[in-house]
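Start from chain A and add chain B according to the hints.
As you go down the protein sequences, you meet chains A and B in turn.
The numbers in the working numbering rise by one with no breaks, and the one at position 186 of the first sequence is 186.
Offset between the second sequence (1-based) and the working numbering: plus 324.
Heads up, some of the hints might be wrong.
If you want the ones that stay clear, here's a sample from chain A, every Cβ over 10 Å from chain B, calculated [said to hold, decoys possible]:
1. F86
2. S229
3. A248
Taking lysine-lysine and the DSSO-like style, the derived pairs with C-alpha atoms no more than 27 Å apart in a straight line are [said to hold, decoys possible]:
4. K194(A) with K45(A)
5. K251(A) with K471(B)
6. K698(B) with K194(A)
7. K486(B) with K100(A)
8. K646(B) with K635(B)
9. K486(B) with K23(A)
10. K719(B) with K698(B)
11. K194(A) with K2(A)
12. K471(B) with K100(A)
13. K698(B) with K100(A)
For the record, the hints were derived by calculation from the structure and aren't laboratory data.
Using N, Cα and C, we set each Cβ at its ideal position, and we do this for glycine too.
What follows is the residue order along each chain.
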Amino acid sequence: MKTMTIAKAINEGLRATLANDPKSFIMGEDIGSLGGVYRVTEGLKAEFGAHRVMDTPLAESGIIGTAIGMALRGHRPICEIQFDGFVFPGFNQITTQMAKIHTRSDGQLSAPVVVRIPYGGGIGSIEHHSESPEALFAHTAGLRIITPSNANDAYWMIQQAVECKDPVIFFEPKRRYWLKGEVDTENSPGDPFKAHVVREGTDATIVAYGPLVPVALAAANAAAEDGRSVEVIDLRSISPIDFDTVEASVKKTGRLIVSHEAPTFGGIGGEISARISERCFYSMEAPAIRVGGFHMPYPVARVEEHYLPDIDRMLEALDRAFAY
Amino acid sequence: MGAAQQSATGTETSGHGTNGGDALRPNPGTSAGVLNTNAVGEADMVQLLDADGNRHADATFGPYVDALDSEALRGFYRDMATVRRFDTEATALQRQGELALWVPVVGQEAAQIGSGRAMRPADYAFPTYREHGVALTRGLDLADLLKLFRGVSNGGWDPREKNFHLYTLVLAAQTLHAVGYAMGISRDLAADPTTEPAAVVAYFGDGSSSEGDVHESMVFAASYNAPVVFFCQNNYWAISVPFEVQSRVPLANRAGGYGFPGIRVDGNDVLAVYAVTQWALDHARDGHGPVLIEASTYRVGAHTTADDPTKYRMNAEEEAWKAKDPLTRLEAYLRAEGLADDAFFEQVRNDGDELAAHVRRATLALGGADIRQKFATVYAEAHPLVAEELAWFEKYEASFADADSQTSQGGAA
Chain A
1 MKTMTIAKAI NEGLRATLAN DPKSFIMGED IGSLGGVYRV TEGLKAEFGA
51 HRVMDTPLAE SGIIGTAIGM ALRGHRPICE IQFDGFVFPG FNQITTQMAK
101 IHTRSDGQLS APVVVRIPYG GGIGSIEHHS ESPEALFAHT AGLRIITPSN
151 ANDAYWMIQQ AVECKDPVIF FEPKRRYWLK GEVDTENSPG DPFKAHVVRE
201 GTDATIVAYG PLVPVALAAA NAAAEDGRSV EVIDLRSISP IDFDTVEASV
251 KKTGRLIVSH EAPTFGGIGG EISARISERC FYSMEAPAIR VGGFHMPYPV
301 ARVEEHYLPD IDRMLEALDR AFAY
Chain B
325 MGAAQQSATG TETSGHGTNG GDALRPNPGT SAGVLNTNAV GEADMVQLLD
375 ADGNRHADAT FGPYVDALDS EALRGFYRDM ATVRRFDTEA TALQRQGELA
425 LWVPVVGQEA AQIGSGRAMR PADYAFPTYR EHGVALTRGL DLADLLKLFR
475 GVSNGGWDPR EKNFHLYTLV LAAQTLHAVG YAMGISRDLA ADPTTEPAAV
525 VAYFGDGSSS EGDVHESMVF AASYNAPVVF FCQNNYWAIS VPFEVQSRVP
575 LANRAGGYGF PGIRVDGNDV LAVYAVTQWA LDHARDGHGP VLIEASTYRV
625 GAHTTADDPT KYRMNAEEEA WKAKDPLTRL EAYLRAEGLA DDAFFEQVRN
675 DGDELAAHVR RATLALGGAD IRQKFATVYA EAHPLVAEEL AWFEKYEASF
725 ADADSQTSQG GAA
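In isolation and in its complexed conformation, chain A is listed as follows:
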């Protein structure tokens, strides 16, 4: 076991991938000598060369589009998009091309490209640097979307993303880059598309992913002081969603809270609430409750504390669920 930050864990995961798979390489803006604006790729160019850690022109569609072409030739590109809000110039290539090549070719081709996107708020940044656009990608069939919440998952899931035969959007919770945790470099946590129950409980279930998992755990601990036993699920995979794990939990607890930073309306929380309502209707003591961002562009940093779901908002949602 080694202790490292999430950023370092991704760095180590990328290092292992580059070492093990000669067809793999990283491409993006400022990822070479600088090591990325978050230093996630630090040291990799020095170790593997500019050929494997490739600084590209400043063009997101160009990064994704050429990565697709290289994947068609049998290479394994890992693209870095600098910030969540900058993925949209590459959105066309991701959604109309990368996601569809397998089905358009009747299964003959695939574009196993990994797109890494640091996402989410809470870092006091300016606009386009704090968004959570995962639902926009999750709505597109053909993509897989995963997001680690801890260092061990970060280390393993980036490697599993590269091994996957489908295109994977890898959302990195940027405000947790410096969160330290133990990494077991010998034993994989298994299927990256399976949710993990990270805290057992009997009275309510909070589903979260990425940056909000530590918040959900803190809320569950606070609720315990009020005598409420809250189970916390780290979703890990946003597409596909492991509904079976959520269903089993809600059938046990009877109450569901889903939380994410992205706007509540049209978000992943709505999808989980609807599916679980169908599957667990007779087991539920209260309707599913969503705790998410508001229907507004991600606000300026000076008010983001009011926008981001926090412990108190999760506890308020639990109060509502217990009031039924």
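Here is chain B on its own, set in the frame of chain A:
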């Protein structure tokens, strides 16, 4: 010698023998001059066979055609006539309700056959959605092209079999895939020098040239010295929007801004297109980086069968372009040189009719598509949501079967 030719030859003399480096630098002294007109003039274009079928000498590009035997020259005619006949049949199939849409290629046969015939098997083509002639040169069964337009597949062939990618309907997206694929060739060569050198041809049109992806693809191609030939068929109409709305200068001129050669060629002259594309592919395969070719041609028919060109362009323009028809000028040349006779042209016609009959038979035999195949191909690896929805669908379908069988049993009783 036209300005565009100077661009090509200038880079050739200064750049050959070096890998990247100076070959990539823009050469203001030799790159195509900025023209102030978009007139369909021929002065600044490479042309080896004029509209009357006369051969013109050209020190740079002439030798590529001189190296062809009479069979190859007849082959150009055969290919162009074949794809035109195919196009007629596909249009008829659409009019008869057998295809949802068709994208005619009439008028652009020389640009497609000339460029396609210049490619080697290891080269790779990324088409738009109108490259039926290129598909023919790559050896595809043309009937496969109709699967997309009949609505039974979004593709229709395995791109790796003939190195001919699927059609792409989102304009210009494929130009980036082409550059990426070319970058992949470079990586393969770097990893294993015994890899067969190859180049990629990225097809796009004058309308697509306004898309950002074309710009980004050229930036990436130049940055990584990718072995890619950008082949723009300027057919002067992006559905109803004329070329003048897309560009103030010939598109070939843009290459200078990226630092690689741009060549404007008479796109209705199959010999010139063949020679220019050969030159560009050699340039790319030899490690000198990308080339932009602008083939000046004309879409004689509609953009698609849903289009009505009578609403936006003049008869006189169409007639003027028909006089530059790529087939009639090659026929005139072949006859004048004694390379082909009536029997040859008769044979080509008969073979075209046979192909058309095959295409029709194959299309009508395609039948429907099965949505289960679509469930099976969304992802390369198993996916629980797809499995869940397929299971629901099968159960739903089965419920009708039960109802049907109950009804028939009831009827029998």
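Verification of the hints:
Against the 10 Å criterion, F86(A) stays outside the reach of chain B, whose nearest CB is about 14 Å from its own CB. Against chain B, the non-interface label of S229(A) holds: every CB pair exceeds 10 Å, the least being about 28 Å. The Cβ of A248(A) lies farther than 10 Å from every Cβ of chain B, with a closest approach of about 14 Å, so its non-interface assignment holds. Taken as a hint, the K194(A) and K45(A) pair is broken in the structure, with Cα atoms around 32 Å apart against an allowance of 27 Å.
Restraint check: the Cα-Cα separation between K251(A) and K471(B) comes to about 47 Å, which exceeds 27 Å; the hinted pair is violated. Annotation: proposed proximity of K698(B) to K194(A) holds, straight-line Cα distance about 24 Å (limit 27 Å). Taking the CA atoms of K486(B) and K100(A), the gap is near 21 Å; set against the 27 Å cutoff, the hint holds. Distance restraint check for K646(B) and K635(B): the Cα-Cα separation of roughly 19 Å lies within the 27 Å cut-off, and the hinted pair is therefore satisfied.
As the CA atoms of K486(B) and K23(A) are separated by approximately 23 Å, the hinted pair is consistent with the 27 Å bound. Taking the CA atoms of K719(B) and K698(B), the gap is near 17 Å; set against the 27 Å cutoff, the hint holds. Our distance criterion of 27 Å between C-alpha atoms is met by K194(A) and K2(A), whose separation comes to about 24 Å. Note on K471(B) and K100(A): the hinted pairing holds, with a Cα-Cα distance of about 17 Å set against a maximum of 27 Å.
Between K698(B) and K100(A) the CA atoms are separated by roughly 11 Å; this keeps the pair inside 27 Å, and the hint holds.
Comparing the model with each numbered hint stated earlier shows that hints 4 and 5 do not hold.
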